[in-house]
Every structure is written in C-alpha cells, then in structure tokens.
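From the two separate chains plus the hints, produce the assembled complex.
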Amino acid sequence: MKKETEKIIEVHGVTKKFGDFTAVDDVSFDVKRGEIFAFLGPNGAGKTTTIKMLTTLLVPTSGEITIDGKDAAKDKNGARKSFGIVFQDPSLDDELTAMENLHFHAVLYKVPKKTRDKRIEQLLKLVELWDRRDSLVKEFSGGMKRRLEIARGLIHHPKILFLDEPTIGLDPQTRNYLWKYIEELNKSEGITIFLTTHYMEEADKVAQRIAIIDHGKIMTIGTSAELKKQTKTESLEDAFLALTGKQIREEEGSAKDRMRIHRQMWRR
Amino acid sequence: MSTIYILWLRQLKRYFRSRARIVGSLGQPLLFLLALGFGFGPIYAKAGGGNFIEFLAPGIIAMSILFTAVFTGIEIIWDKQFGFLKETLVAPISRVNIMLGRTLGGATVATLQGVIVAIISFFIGFRLEHPTSLLLALVVMFLIALIFTALGTAIASVLEDMQGFQLIMNFLVMPLFFLSGALFPLDNLPKAIITIARIDPLSYGIDALRGILIGQSHFGVMLDFMVLIGVLAILLAIGSYLFSQIEI
Ligand SMILES: Nc1ncnc2c1ncn2[C@@H]1O[C@H](COP(=O)(O)OP(=O)(O)OP(=O)(O)O)[C@@H](O)[C@H]1O
Ligand SMILES: [Mg+2]
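Sequence lines, in order, name chains Y and V. Plus 1 on top of the position in the first sequence (first one is 1) and you've got our numbering. Plus 580 on top of the position in the second sequence (first one is 1) and you've got our numbering.
Every clue listed holds true.
Pairs of lysine-lysine, BS3-like flavour, derived with a Cα cap of 25 angstroms:
hint, chain 1, residue 1, chain 2, residue 2
1, V, Lys660, Y, Lys77
2, Y, Lys75, V, Lys666
3, Y, Lys18, V, Lys666
4, V, Lys666, Y, Lys111
5, V, Lys666, Y, Lys82
6, V, Lys593, Y, Lys115
7, Y, Lys33, Y, Lys71
8, Y, Lys18, V, Lys660
9, V, Lys666, Y, Lys139
10, V, Lys666, Y, Lys160
11, Y, Lys119, V, Lys593
12, Y, Lys111, V, Lys593
13, V, Lys660, Y, Lys82
14, V, Lys593, Y, Lys114
15, Y, Lys188, Y, Lys8
16, V, Lys666, Y, Lys114
17, Y, Lys139, V, Lys593
18, V, Lys666, Y, Lys77
19, Y, Lys139, V, Lys660
20, Y, Lys206, Y, Lys233
Simulated from the structure, these hints should not be mistaken for lab results.
One chain only, chain V, in its complex shape (with noise of 0.2 angstroms):
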C-alpha cells in the first residue's frame, strides 16, 4: 500500500510542479468549446438538438481527460530515457504495484484535469440538469482516466523511446476522440461509424457523463458503466503483463 501511495504521490508533484503544463494543456479544450461550441450552437439548436454548449461540454471534458490521460502513461518513456525506471525496478515490490501506483497517479492528474476543464464550460455556459449527480460523474470521469492511462502505460512499456509517439497520437489517440461522438450525437448515425463509436471505449465513458450531467444517453448508462470497467479490468491486466516483462 505504501508504495503505491508513494508512486501515486509522485505523479501528483510532478503534475503540481509543471504549472506551465497544466495552463498549456488547457488551451486545445478551450478552443473547442469556444469555436464548436457557439460555432455550431446555432445550427445545432436549428436542427431541433436544443443547447449544444451542454451536449459539447461532456465531450470536451472527456477529450482533457484522455489526452492527459494517454500522455501521463506514456511518460513511462521518460523514465526509461532518463534513467528513473530503473530505480523502481530494482526494488524489492512486485510490478503489479508499480503499475497501480502509476496509473492511479495518472488518472487522478488527469481526473484533475477534466475537473478544471468542467469548471471552465461552467463560465461558457455549460449547465447541469442534475446537479446532485456530480459526484457520479467524477467517477466516470476518474473510470476514463484510468482506463487511458492504463492504455499508455500498456504501450510505453513496449516502445524504446518517444519516437512512435506521433503514431500513437494520430492513429490511436485522434481517432479514439474523433469518433466517439465527443462532438456529435450517436443517433441517426452511418453504419460503418456508429460501428466504430461502439467498439471506441470512450464513447461509453462520454455517453456515461452526458447520462449523468444532462439526462441524454445513447447506450445507457447502466450499460456505460458495464463496458467502461470490463476494458477498465482487460487493460490492468494488459498493462501489468507488459510492465512487467520490461528489460532495461
């Protein structure tokens, strides 16, 4: 427990201590909520849809979460470059508890993350329909970081350095966020995308926060929760094989 706690601890300071970071991370969601935001708002409202600042806000919270998310796992590399990696490997705890304690600090500095994006859509002009279930939808939220982060995890512990990270961003990161119905809603959708949208774990965890915040649910949230934490399990699992098979 105590090394988890530690490990966990260590990725909040770091987060603390980059403040550039977390103002720098914070510019992407805005520019979406503002130019999708009020952009489409009138054309959405005209289609019948109603307020699409409220429809978008559940959307741009999750794209915060997963981008920080992916990004804190795959720092990984980092530790391996700079040589910290192997100052916990050759400790005498088993890897499994590294691999929590890592993605547990991700997520809750990603959680963060989300959290601080929600308060800006709040100023925007985000409304709740139910205000009591914000509690609940912090643990959507913190279900989405962790199974992103495990997903980071997962991969940085097979790749050598940051090279492919370009590739993971826009063949695996962009497309998780472009087509899981972030920006748009999942009804009356093409075959081949509402296919794509099921199988993309963060349309459950998007679909989840809209049930929740604003009374608007495509699959059901009981189902959301299902699926978000059955890949939740599969991903842990993934990612404490691979962590554990790292060499350096």
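Just chain Y, with the same shape it has in the complex (with noise of 0.2 angstroms):
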C-alpha cells in the first residue's frame, strides 16, 4: 500500500474565473493530515469558490488540486470518497425526513448495512435529532437543518470535513457544543478540518493554521500568533482588517449574514 503523504490537500496556483472575472486568483496551499486549517475572508473573497474546487463541484480554469493523493480532475471519484462537506447553501431534500436524508448518504456513499443504521443512530443523537428522525425536513427549523447536515457529512468517516461556514444561523450554545464536537472529532478520529469563516474568534479558537483570503488571492497563511506578530496587531480581527484593509465591507459581510439567515428561515 502506498504510504500515506503528509499534506492531504495540496493546491498548486488554483485560478477560477467566471467569465472575465476572476474569482480565485492564483491560489496555492497545502494542509496536513489531521490540521485544522481556516479559510478566512470578507463576503465574494473567493472561500467558496475554493471549496466547490476542492470537492470537484467546480473544475479550475487552471491549476492542480490533489487531494488524499489522488488529482481532483482526473481521479474525481478517487477524490469525492475521501472528503465529506458541509455546504454554505441549504442542502438536503426537504420532502424527505431527516432519516431518508441520511440513509440516502449512507447508500450513495456505499457505507455497510451493518454499520449504516448503528452511525445514523449515533450522528442523530449526537446532534439531537434522534426524537424528530422520522419528521419531514421541510418542518425542521434553520439551526436543526444545519445540524442535521453536519451529522450527513460524518456518516461516512470522511478523511477531510469541509465546512463552509457551518455556524451561520445557529444561536450560540448550538454553536459552542458544535464546535467542541467538531475539535473532539478531529483529535480523536485526526479528521482533517477544512473551515470557512467569518467570525475570527472561531478561526482564532479552534483552528491551528488560518489562510486569509480577499479578493481571491491569498494574502498570508499562519497560525493565529504568526498573524498577529506579523501584522503587530494585538487581536486576529485587527490583524484582519490590517490585511484586508477595508472596515466597510465588514458591514456588508454582517447584512448578507442576516439576509442569509433570514433567507433560511423562510425557507422553513
């Protein structure tokens, strides 16, 4: 068997562009196995857009992505088997239960009978929506849709979890509990974590090297002490701002947060 390489994600000048605009610019990166490694950036920086790269939703306009060793363009499904994600946009079927929606993971990713409905069981208790199993998606709340989303991307033991700023619209308990399990995940299984992020104050807590990213080029990649040094700053947010500049955008991140939330709800 072939020896397992250190970085599992490895990005060589990733650029996108839709049309004339370029919304990932030249990117480059790796992360360790077992890292948590945080994506950080104002609203358009490009974090999604590196995501749907990394998980072959989007092919790059050029550049190399490897991901667990295999080429995200040429060994597609090599790459999907290792990663599980949890998407920014709502994602599940909502005329179907919360069971239905899990189950229908657990075949698509060919997760053993035997072992499939033991995980279901222990993921829905976890994120406690065992008692609500059998509800229709549709009747669940936006904080009960995200997390019955993260439990879908565990299912299959991924090596890497992607989370595209998994914390939007939950309420702060939800929030804290969410994060100690994911960080639990990750020393316990050495799940390799793959966040985005607005709120500095999780990249800064739970990550153990941030990348921060604006305009789709990255400007540093560090942990949170090297930022600061770097910048002189004294808190990772001023380090941000020194980096990102622009106070304004800020305000704009937080009105599109709202209007996504809001956008969730009424979705309901």
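Shown next as structure tokens:
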C-alpha cells in the first residue's frame, strides 16, 4: 500500500474565472493530515469557490488540486471518497425525513449495511435530532437543518471534512457545542478539518492555521499568533483588518449574513 | 446498482407524498377525454371512424405521460436551486448512474400517472380489443416515459432556473403533443402535418399504444418500437453527457 502523504490537500496555482471575472486568483497552499485549517475572508473573497473546486463541483480554469493523493480533476471519484462536506447553502431534500436524508447519503457513499443504522443513530443523537428522525425536513428550523447537514457529512467517516461557514444561523450554544464536537473529532479520529468562517473568534479558537483570503488571493497563511505578530496587532480581528484593509465590507458582510439567515428562515 | 435504486426510490417517495400534484395533474387529461371524447364522438362516428373515445384514450394516456415525464426531468432545476443536487454530485458515484437513477424514477412516476389515466378512461367507456396485450402496452408507456424524462433531464442540465420553463412548455412540449396524432388519425393528412408527425417521437409511442390496445396502427408496431428505442438511446446519451457537464 502507498504510504499516506503528509499533506492531505495540495493546491498549486489554482485560478477560477467566471467569464472575465476572476473569483480565485492563482492560489497555492496545502493542508496537513489531521490539521484544522481555516479560510478567513470577507464576502465574495472566493472561499466558497475554492471549496467547490476542492470538492470537484467546479473545475479550475487552471492549476492543480490533489486531495488525499488523488488528482481532483482526473480521479474525481477517488477524491470524492475521502471527504465529507457541509455546504454554505442548504442541501437537504425537504420532502424527505431526517432519517431518509441520512439513509440516502449512506447508500450513495456505500456505507456497509451493518454499520449504517448504528452510525445514523449515533449521529442523530449527537445533533439531538433522534426524536425528530421521522419528521420531514421541511418542518425543521434553520438550526435543526444545519445540525442535520453536519451529521450527514460525517456518516461515511471522511478523512477530510469541509465546512463552509457551518455555524451560520446557529445560536451561540449550538455553535459552541458544534465546535467542541468538531475539535474532539479532529483529536480522536484525526479527521482533517477545512473550514471557512467570518467569525474571527472561531477561527482563532479552533484553527491551527489560518489563511486570509481577499479578492481571490491569499494574503497570508500562518497560525493565529504568527498573523498577529506579522501585522503587529493584538487580536486576530485587527490582523484581519490590517490585511484586508476595508472596514466597510465587514458591515456588508453582516448585512449579507442577516439576509442569509433570513432566507433560511423563509425556507422552513 | 444501489445508487440507482436509492435515486429511483427518492423520486417515488416524493411522488406519493405530493397527493395534491397527483390529483391536480389528472384534471387536464380528464377534461380532454370528456370534452373531446364526447364532443367529437358523434362527428367521428359519422365520418366512419368508429368509437372516438377508443381512439382518443391512448393519445390522452400518452399526453399525461409526456407532461409528467418532462416535468419530473426538469425538476432537476429545483434540486439545483434548493441545493440538493450538490449533495448527489459530490458523492463518489458516476454521473451516468445518477442520471439513470433519476430517469428511471421519473419514468416510473410518469408511467403510474399514465396508468391512472388509463383506469379513468375505462370508466368513461374505453374498451380494449385485446385485453391480454395490457402488459405490452405498459412496456410502451414506460418507453414513452423514459424518452421524455431523459429529454427533461437534458434540458434541465443546461438551464439555470425555471424561467425557461414556459418557453419549453409552449414551444416544445405542447407541439410534441398536438402534432403527434394524439387527437387525430394520421391518415390522409396534409403533407406538412404528416411530416412533422413523422419526426415527433411521441407519434410512434401513441401509434404503438393504439396498435396494441385497439388494433389500429399507422406506422406498424414493429417500426414504432424501433424508433422509440432508437430515440431513447440517443436521448439517454445526450442527457448523460449534458448532466455530466453540470457545474454548480
Ligand atoms: N457561478 C458564478 N458565476 C459568476 N460569479 C460567481 C459565481 N460564483 C461565485 N461568483 C463570484 O465569485 C466571487 C467569490 O464568490 P464566493 O462565493 O467564493 O465568495 P465567498 O468568499 O464564499 O463569500 P461569502 O463569504 O459571501 O460566502 C464573488 O464575487 C461571486 O460573485
Ligand atoms: Mg461563501
């Protein structure tokens, strides 16, 4: 068997253009096996676009991506086997029950029958939705849907878990609880976590390394301490602002956040 | 195989859970059967055509299959917009299998809808020449359903949202139906109409149904089958290709 590479995600010179617009601009970085890695950046920075390329949903205009030793462009299914993902936007089937959504996922990922039911039960209990397992997802609140999506991303025991702003729309309790669980998972099972967030405290608290991205370019990569030192600032928030500059987009950001939460509530 | 099955199962569950949609989509075929069947019946009989309801029923059965099939195919756009498609597209399975599972599911739903319309038409007075051939008719109905679900899937793969839906209904689905010989016999028609009917795959589906159920066929059931299977193969290939190109 091939020795497992130390770097589980490798990205070389990746660019994504939508027409004339460059959403991700010549980005390179890697993520170590077992690491918690965060993408931090304002709205429209290119975080989601990067995650979509890493998860084979979008094809890069140029550049190379390797996921767990597999070329994401050539061996798509090989790459897909190694990760789970929680999307920024909703991705459940509202007309199915919680249980059916998870079951569907388990079949797609060929989780053996024997472990399937046990794992679904465990995960549903973990996100406190076991009692609601037979309710249709359309009857769920935004936060409940989010929890269900997180449970779903874990069913097949992925080596990498992509979390695109996983805590959006969650109350502080659930948010704390979720991060605790994710850190635990990272420690006990060695799952690599790749997350994006606007919340600097979150990145500061959970991530071992942080990449700050703006206008499709990575400004800098390092530990929270390194970033603060580099920008001679006290908090990660100040470091973030020192690097991305404009305070205005922060407000734009929270407005967009509110809209998104609003939208989720409407979709109930 | 299990992926195809679970995708098929999902379509069926969604169908049986939307009773309003099932009942709602029966209104139109029922209206056609009653208004046209009884409205034109006397003239048709006078012209020496025989029982018009018998002639019309296969056409209306095919119509309800056509509409349901295209619609379930196009539903992929909903999945795109409500996000569920992402979940299937990141899974480690081939896109061809996803497309096949969906198409089989959609086609099963459309066939069921056709069966319901067939049952209704029996109550209105549709009688079979050869009741034993019901099974073969079911095969034809499923073929029609597969063809138009695949067509819907292919279209949905290249559309971003439901905005184009009206366009497709009015300039593709309606012409497919009205120019197919669902409502009138294909014999002795003006050249232009018969030429169009000849390139409309639905014509062959309806012709096969009539051939099997009431023993009247314009093209011959053998040819009908060959055309249907050929068109299906082409549409499945195009649909799979377009589906595999989806980026979201
Ligand atoms: N399909 C698309 N077509 C055209 N432009 C796109 C498309 N997807 C994203 N973009 C653009 O690419 C840029 C980056 O978008 P992306 O969603 O990656 O940002 P993000 O960092 O995830 O932002 P947010 O914090 O708001 O989620 C934005 O300017 C967006 O408008
Ligand atoms: Mg985003």
